[in-house]
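Here the protein sequences come in this chain order: R and E. The C-terminal position of the first sequence is numbered 255 in my numbering, with every residue numbered one higher than the one before it. The C-terminal position of the second sequence is numbered 637 in my numbering, with every residue numbered one higher than the one before it.
Some clues are possibly wrong.
Lysine-lysine pairs mimicking DSSO-like chemistry, simulated, CA-CA at most 30 Å apart [said to hold, decoys possible]:
id	chain 1	residue 1	chain 2	residue 2
1	E	Lys607	R	Lys201
2	R	Lys130	R	Lys75
3	E	Lys607	R	Lys206
4	R	Lys217	R	Lys201
5	R	Lys227	R	Lys206
6	E	Lys371	E	Lys390
7	E	Lys286	E	Lys267
8	R	Lys206	E	Lys604
9	E	Lys541	E	Lys517
10	E	Lys371	E	Lys286
11	R	Lys201	E	Lys604
12	E	Lys517	R	Lys59
13	R	Lys181	R	Lys130
14	R	Lys130	E	Lys517
15	R	Lys201	E	Lys605
16	E	Lys390	E	Lys604
17	R	Lys206	E	Lys605
18	E	Lys278	E	Lys406
19	R	Lys54	R	Lys130
20	R	Lys227	R	Lys137
21	R	Lys75	E	Lys517
22	E	Lys286	E	Lys607
23	E	Lys435	E	Lys278
24	E	Lys406	E	Lys370
25	E	Lys278	E	Lys390
26	R	Lys137	R	Lys181
27	R	Lys130	R	Lys217
With the C-beta cut set under 7 Å, the calculated list includes, among others, these residues of chain E facing chain R [stated by the list, open to error]:
id	residue
28	Asp630
29	Ala631
30	Glu634
31	Met635
Source of the hints: derived by calculation from the structure; they are not laboratory data. Glycine is no exception: its CB is placed at the ideal position from the N, C-alpha and C atoms.
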Amino acid sequence: MITAGIDAGAATTKALLFRDREIVGYRIGITAFDFLTAARNMFDELLASCDIRKEEVLKIYATGYGRNSISFADKSISEITAHTKGVSFLFPEVQGIIDVGGQDSKVIVVEDGRVADFLMNDKCAAGTGKFLEYTAKALEVPINDLGGLALASGHPAGITSMCTVFAETEVISLRARGITKEDIAAGLIASIATRVGVMAKRMGLKEHVAFVGGVAKNAGMKAALEKELGTILYVPFEPQITGALGAAIAAQGNR
Amino acid sequence: MSSSLQSLDIFKNSYEFRIAQLKEEREHGIKVIGTLCLYVPDEIIFAAGADRIVLCGGKADTIPVAEQSLPRNICPLIKSSFGAVVDASCGGNLACAHVPLVDVVVAEATCDGKKKMYEILPDYLPTYVLDLPQKPGSPEALNYFLSELRKFGKFMEGLTGTVVSNDALKREIRSANETKRLLHRFFGMRRRDPPPIRGSDVLRVMQKQFFLSPDQFRQGVRELCDEMEHVTPEARTGPRIMISGCPMAAGNTKVPDIIEQKGGVIVVEESCTGTRSFWDFVDEDKDPWTALAERYLEIPCACMTPNDRRIDRIVDLAKQYDVDGVVYYTLQFCHAYNIERLRVQRALKKEKIPLLAIESDYGDSDTEQIGIRVDAFLEMIA
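Sequences and hints are given; from them, build the entire structure.
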């Protein structure tokens, strides 16, 4: 039985095809303005690349911020449930999930593959991918280089602002004081790690913790969070697809 | 559940009637007291021959004008209430017609935000502040509150020229107890599965409790209860939910609306617009002043310390109403309820009852974010 999961995220849209117990293929692209168009394009491209016809896909489940806009989906489920199903499929021993996405960050407590509790950050960019995106811009480095720069830092700069706009100003003033890019990058990453770390500790996460979402691709971020939590984090081969994967698994029904 | 309960119309259409009633009373020299808290005993106000009306604001419209005077980062209920008083046009909203009918505000020393707002309020409306002990468990606290209630009684006598006699107090205590008994009947019916009424409908009724006259309120609730006896509720759409936390003043139904839209079934509210107002009765056999002081100090508000009574009450209600989960609701910047969440959460955890914390104001900007959390919570406890 082939099912599909669509994760209509605020920044990126992910589509994934699942057959019985394995991932057939997936696609990740920019959401832009319209959730539905992005999802449809991603899904069509995915079908073509996997050489699967639409009719073969028996059920489509949507998740993500725009999940209710995906009119061609049979059902929508929350990201919390979706990530938990997706991550538990990849790492059955997982007891906690940290998801840092473009728009929000979440911490999920997992018990036997099910959501036991969860916490999402407040309605603010602090502790999210957006924070890194804006501050990387102030630092004039591509966001993908931020992690590598941070790992090369000897003395991370102290970034005290939680507010994305104020942090941007802080970065500019640190640059003016001659602090190196490496140290500023490390400071930015440490500031998110601290914030997300507090959420994780509040939820009692200790070990067997997975790190997912776009920000999990950032090696510097992973290292900073690991230091913060004192445990090695599980990062999937593609940390952005666990939501879509979970939705596709949910679409398989109760097995 | 049924949204077609006809008796709900009694409450929906009551605003104009009540305004006309208050205007007429004022023409006959009856004083109208504005209140903003359960700690101010209705019984004393009515025994002094005055009427009362709740001034707690639940609408966002009056907040911008309040923010011209008050800090932005305080609780929306305080800002909304204050804004309705200072701006006669009510932010272009005609729902504040009752405010100019108030002769005196009887405020109370509860949370910091309200206390300090009440220091500014006299510039707009005469204001009397009832003091409260903060550690309610001791005999000294009771004596102090008793003296405060007697002082308040004297104030009311001075205002109305009517002596607050023990007989009048006892009469009003019996009347208020009757309301409480009726509300126990009303809420008791929600223990059924599925419940015969939607939580958001109950909230809209409870928001009128201190707005309408006791007679009119009781009549409405009585008719509603009678009607509920005969309805066949539709099948339950999702888990049974208790809401616990800050009051939801008239105009504010955001979180219950989201919960129901997502399929959650709200069966009880532990709040000032829920059980807190009516759960405990006033002893009719005791000296009425002492009985009032005892009962009112039992109100489990987060401004009291320690507030074990509230934590026990929540766990008890969760069991009585067989809830699958608790949505802990705090108004933004309400430190007392926000901090108390941890103790509530720990107590519920022991009973294996899940909790979702939501902090929100009167704006719509976080509707989606709340929706995601509620979706996830309902999936988690389904």
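Against the structure shown, which of the earlier numbered hints fail to hold, in ascending order? 9, 19, 22, 25
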